[in-house]
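Novice: The opening position of the sequence shown corresponds to residue 1 in our numbering, with each subsequent residue numbered one higher.
Please note: incorrect hints may appear among the correct ones.
As the list claims (entries may be wrong) - Here are the simulated DSS-like cross-link-like pairs (lysine-lysine), alpha carbons at most 30 Å apart as the crow flies: (1) Lys-51 with Lys-133; (2) Lys-14 with Lys-51; (3) Lys-51 with Lys-39; (4) Lys-108 with Lys-39; (5) Lys-14 with Lys-133; (6) Lys-133 with Lys-72; (7) Lys-108 with Lys-132; (8) Lys-3 with Lys-133.
As the list claims (entries may be wrong) - Pairwise CB distance ranges (calculated): (9) Lys-51 with Lys-93: 29 to 39 Å; (10) Lys-72 with Gln-105: 22 to 32 Å; (11) Lys-72 with Pro-104: 32 to 42 Å; (12) His-74 with Pro-109: 36 to 46 Å; (13) Pro-77 with Val-111: 19 to 29 Å; (14) Met-48 with Lys-72: 16 to 26 Å; (15) Cys-66 with Glu-13: 29 to 39 Å; (16) Ala-73 with Met-48: 13 to 23 Å.
Just so you know, the hints here were simulated from the structure itself, not pulled from any lab data. Even for Gly, the Cβ is constructed at its ideal location relative to N, Cα and C.
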Amino acid sequence: MLKEIARRYYLEEKCNCSESLLYAANEYYQLGLGAETLKAIGGFGGGMGCKTTCGALSGSIAALSCMFMQGKAHETPDMMKISGGFVARFEEKLGSTLCSVLEPQNKKPDVRCVLTVELAAEALEAYIAELKKN
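Turn these sequences into a full structure, and let the hints guide you.
Specialist: Take a look at the structure:
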């Protein structure tokens with residue numbers, strides 16, 4: 001389900017990869033993030049505009065932070081473990097965490113990097129389900 005919502009934000013709402021993941025998580029998990037908060041993730045698309053860390057990964061980490069952080073990051077003992085665990089999961093599923101690697105593999109002229117967005121959403125949804133079990 002998260003995948004379909006992220007796809008809609010990416011293709012229909014013309015969000016970038018990072019926005020698509022956080023906007024979708026906000027809707028699906030009812031995080032209650034407002035427009036000003038959501039705006040903060042926009043600059044992470046396209047690997048922060050310079051093809052480094054994939055924006056879909058950045059948007060996913062932002063969603064995890066909103067869901068599992070209590071106060072500040074250092075006040076949440078498991079936050080680094082949660083973030084690091086998802087980075088490993090993302091890399092396992094997509095093959096890299098770098099936009100410079102993923103974009104050439106997954107970008108198509110008519111749908112941009114929708115495959116990356118979809119795979120990231122699948123990984124995020126599964127990871128959150130696991131975290132909620134524990």
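Novice: Flag every earlier hint the structure violates by its number, smallest first.
Specialist: 1, 5, 7, 9, 10, 13, 15
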